[in-house]
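Peer 1: The chain contents come next:
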Amino acid sequence: MFDPIMEQILAIARDAWAFMAGLLIVVALLGGLYFILQGTAGMAFGGSRMTSMAIIGVVGLVIIVLFAFLFLPQLGEMLKNFQPKPPF
Amino acid sequence: MSDATSLLLTFLREAWVALAGAFLAFALLAGIAQVLRVSSASVLGVNLWVWESVSALMSIVVLGLFAFLGIPQIVNALQSSLPGAGGCGPISELGTLASGLIGGLAALRMLKAAFTSMLSATIGGASSFANALIECGEAFFGMILASAAIPLAAWFLGTC
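Protein sequence lines correspond, in order, to chains B and F.
With this note's numbering, you'll find the first sequence wraps up at 569, consecutive numbering, no jumps.
With this note's numbering, you'll find the second sequence wraps up at 163, consecutive numbering, no jumps.
Simulated from the structure, these hints should not be mistaken for laboratory data.
Do not rely on the hints blindly, as some may be mistaken.
To give a feel for the contact side, a few chain F residues facing chain B, derived at Cβ under 8 Å [as the list claims (entries may be wrong)]:
1. 27
2. 67
3. 84
If you want the footprint, here are the derived chain F segments under chain B, 3+ residues with CB under 8 Å [stated by the list, open to error]:
4. 8-17
5. 29-38
6. 43-57
None of the values given here were measured: they were computed from a predicted structure.
All C-beta atoms in this analysis are idealised placements derived from N, C-alpha and C, irrespective of residue type, glycine included.
Working from the sequences, and respecting the hints, build out all of it.
Peer 2: Written out as structure tokens, the structure is:
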């Protein structure tokens with residue numbers, strides 16, 4: 482009875498997932514570019530702290546993106562395995 | 004009466020499966036939204052947003068585990084305390100129908116409350132989060148009250 486509604490909801494959710502994954506890639510690329518600019522500026526001006534912060538920022542950004550693309554699907558699989566049958 | 008019971012319970016079971024699927028889909032969307040917020044906040048250097056998003060992500064995981072592992076156990080425990088047949092004849096059938104419907108409706112209400120909590124945790128709505136948890140508690144106590152009310156009603160209407 483609820484299958485047609487669920488199909489609609491899941492189609493919207495899939496579109497939203499693809500949109501947000503694309504947006505995350507764009508934000509991560511822009512952030513990486515910003516950090517690279519910060520790092521090169523720091524190197525040019527001799528700002529070692531600025532450069533090190535930029536390197537840490539790039540590494541953190543990579544970790545966040547990897548977390549999003551590796552951990553979240555695994556979390557979804559785990560929750561899908563835990564998805565309970567009706568307890569009544 | 005048993006046909007009506009099975010029809011209503013089938014409807015509620017299908018609603019449960021649909022709600023659980025929607026919960027899973029929205030939990031994953033909420034997760035990626037929080038990760039997006041973490042990445043943008045870390046680029047902007049907003050530490051508070053990062054910590055808010057990390058805690059929201061944790062709360063989504065905890066709510067998902069509660070909804071998928073905790074709620075079925077709570078419903079099973081409470082449903083076993085509901086007396087199915089408090090008499091004989093039509094009273095017995097009505098008791099079976101009532102206990103089945105109470106269990107199904109309470110389970111759906113608790114899952115809906117968990118769904119609302121998860122959506123509220125995503126957007127940072129603390130008040131609606133609390134309201135959803137209160138609703139979960141209401142369903143819990145409603146089932147406890149029903150476990151006492153059904154035998155009383157059977158006694159009042161007459162038992163064999």
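Peer 1: Checked against the structure, which of the hints given earlier come out wrong?
Peer 2: 3
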